[in-house]
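Trainee: Let chain A serve as the given structure and place chain B on it in line with the hints.
Protein chains: 2
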Amino acid sequence: MTINIALLGFGTVASGVPFLLKENGAKITAAANADIKIAKVLVKDEAEKNALLAEGKAYHFVTDIAEILNDASIDIVIELMGRIEPAKTFITKALQAKKHVVSANKDLLAVHGAELLAIARDNGVALYYEAAVAGGIPILRTLASAYQADKITKILAVANGTSNFMMTKMVDEGWTYDEALAEASRLGYAESDPTNDVDGIDAAYKMVILSQFAFGMTINFEDVRHEGIRHITPEDVTLAQKLGYVIKLVGEIVERESGIYAEVVPTFLPKNHQLATVNGVMNAVFVESIGIGEAMYYGPGAGQKPTATSVVADIIALAHGIVKGEKVAPFNNFARETVYAKKEDLLDKYYFAIETEDKTGQLLKLAELFEAENVSFGQVFQENLAENRASIAIISHQMDLNQFDSLVEKISALPGFTLRNTIKVI
Amino acid sequence: MTINIALLGFGTVASGVPFLLKENGAKITAAANADIKIAKVLVKDEAEKNALLAEGKAYHFVTDIAEILNDASIDIVIELMGRIEPAKTFITKALQAKKHVVSANKDLLAVHGAELLAIARDNGVALYYEAAVAGGIPILRTLASAYQADKITKILAVANGTSNFMMTKMVDEGWTYDEALAEASRLGYAESDPTNDVDGIDAAYKMVILSQFAFGMTINFEDVRHEGIRHITPEDVTLAQKLGYVIKLVGEIVERESGIYAEVVPTFLPKNHQLATVNGVMNAVFVESIGIGEAMYYGPGAGQKPTATSVVADIIALAHGIVKGEKVAPFNNFARETVYAKKEDLLDKYYFAIETEDKTGQLLKLAELFEAENVSFGQVFQENLAENRASIAIISHQMDLNQFDSLVEKISALPGFTLRNTIKVI
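Chains A and B, in that order, give the protein sequences. At position 150 of the first sequence the residue is numbered 150 (the UniProt record's numbering), and the sequence of numbers has no breaks. At position 363 of the second sequence the residue is numbered 363 (the UniProt record's numbering), and the sequence of numbers has no breaks.
Just chain A, with the same shape it has in the complex:
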């Protein structure tokens, strides 16, 4: 049989879909047990339509979504427009028209996913979105299948290629944040407004989706603490190296006794940690579980072909159900009540970068502060700076979030001391 799909948008990723359908045609047809045909493509307006036709793109372009919604021959709608609207409205209408939907729209799925999945369920269709997290890495499908027998305790993820490219340059080449951003922009990795990438927002969206697949819980985007890489200085990078670490922007989701917690923050990774070698625009998801133990899934986080490959894999998975004429399984079956962890259950080590006057007794004052909070030092590195100043880098032993907040407050209030930076240590 033939399964008709409609593409919403014909940008870079979308045009990767016909590439794969052509290049791997026989394999895809055999896998789907059906021919996959691009029946219609929605474009913005007549101008875009004519431009694409002029380029020799021989598709049935339409400018009105209704031509797709009302076309009973279309089984699957592929949304690759990005942003919230009109994507959200179009996906909603497609699901209500009893069409399966494949999307790569992480912002939309992180914020409105639950609502859209409910609409899909109510209409007996499915919404798949492997490409929404870590582009080409089949991480969502893996969590939803291989880990059904397992219990995940922690996820660590390098989930944003742009900021990882920048951090890699800052670590390997000693570049400043501004130098790294300029190069990322020049190469087209960073958008004109890089906020989502460099402030951890994009990665935080991905943590919301990962939490649903890995822990069966839905963390609200607002509850994912996120902090970017803007304030990381070459001094921090150098100190990290001296202490045996590499700095990366890492997303973490953990389940403790009291519940679940997610954040995206700059993180000191031990040089021999598997995530520490994930460089450039590559992504990786490091999974800790009681069964498999430690595993890592590494690959491209974005790009036309990787993303299109995840989209077509979703199309094939949907095709299996369509061909059999039976209800298609939801993308993710794992759901529990969402319970958040207590602050005192969240134990981590931290790096404190402090500047003070170069005179005796200064380190003692800090030691007394930590002592008062019942937190001990792991590593301490002190060096003298110009103008009779000293730099003190401390890597603490584990403390909970309350202790951390209190320490930050007290150090900041300490006369003659400047708390230059704090970074989580794994």
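Take every hint as true, because none was put in to throw you off.
Repeated chains share a single entry, so a pair holds when one copy, or any two copies, can fit it.
With a straight-line Cα cutoff of 25 Å, these simulated SDA-like cross-link-like pairs (lysine to any residue) come out:
id : residue 1 : residue 2
1  : Lys22     : Ser145
2  : Lys27     : Ser145
3  : Lys271    : Trp175
4  : Lys22     : Thr338
5  : Lys22     : Asn33
6  : Lys242    : Asn279
7  : Lys22     : Asn333
8  : Lys44     : Gly11
9  : Lys410    : Val380
10 : Lys169    : Gly293
11 : Lys37     : Asn50
12 : Lys154    : Leu21
13 : Lys22     : Thr153
14 : Lys324    : Gly124
15 : Lys151    : Glu23
16 : Lys151    : Glu344
17 : Lys151    : Asn33
18 : Lys27     : Thr218
19 : Lys27     : Tyr340
Hint data in this document are derived by calculation from the structure and do not stem from the laboratory.
Mentor: Quick look at chain B alone, frame taken from chain A:
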């Protein structure tokens, strides 16, 4: 509903299955949409049965396979005995009794897999074996699902934990092969006869299975060239480091224009290659494809809980079909006619470790040999040894297998030169 399973064998891995069914009971039941019950356990004899009962293992132990084959209530048979016989006979009979089978038996599946899969097909049941390759890494399921939309061009795998543990010690600690083997034996990683692990046989079995999932072709075990790590010396390890490489035992499967080729050989990996950081007993499969591009799947290659997790994931996948009362999909649908690559299509770089007299003109003689074969040098490193001898390490540019064989022959025949070792370079 309840799905009854029978375990053949109750060794280390097998006892990990009840652990997961208990620890993740609710999640597994929800995922399988059925309760998974261990109905019967086959043990060797009355002695083993009584010993296990004495340990408080409260299962229905049987010593005759017929009690499982003739039990219509048993849906899935789990073979975790290892070795060829009686496993092969038991699996065959179970499939003929219309029971689905889950196995972790790589030796058996690599050599008799095609035959067993045909018996499964003829009896309308399925044979799943995620645990047979790279233990806890869900690599087979990933290749069979996420890569259905993609076209794989190359697989590189660190697929044997024992030899990787040994190579890691040889590289990081400068140990000799014998020292590393002694430690591997002491830790229980190496069996009393380590042949399968250290000579690449175990990894070659895995290449056979990987070739079926990644390329849809079945390479005969005899056609997988395999060479072990016994002959790797500290000199090779040191030279590799000086030239910027790490030595590991790597399995490779490639598809060239003329066909497919697989081998397991010691390999120089560039220090910044993702596989180069896979250390100790960990495994990893590095996949190159036209869609996703470069991806790597990293995790434990063996162990009770990782292996049992893969086994239970297979049980859950089978349960989906059993519950629906419909035919279960085969584990792998991708099959093409097997065509082997021509030797001249197999291009690689190689490391040549040569010893000769320390006098002028020796390197020139080698240069002339390479020139005659139309192969140029990439890197050359010469150092003087004791007793007026010199060590010459050459890393060549690409050559095909014919050129390589001919060069090896000519260098070995060159008066005054000793070809100490040759190793593939990636």
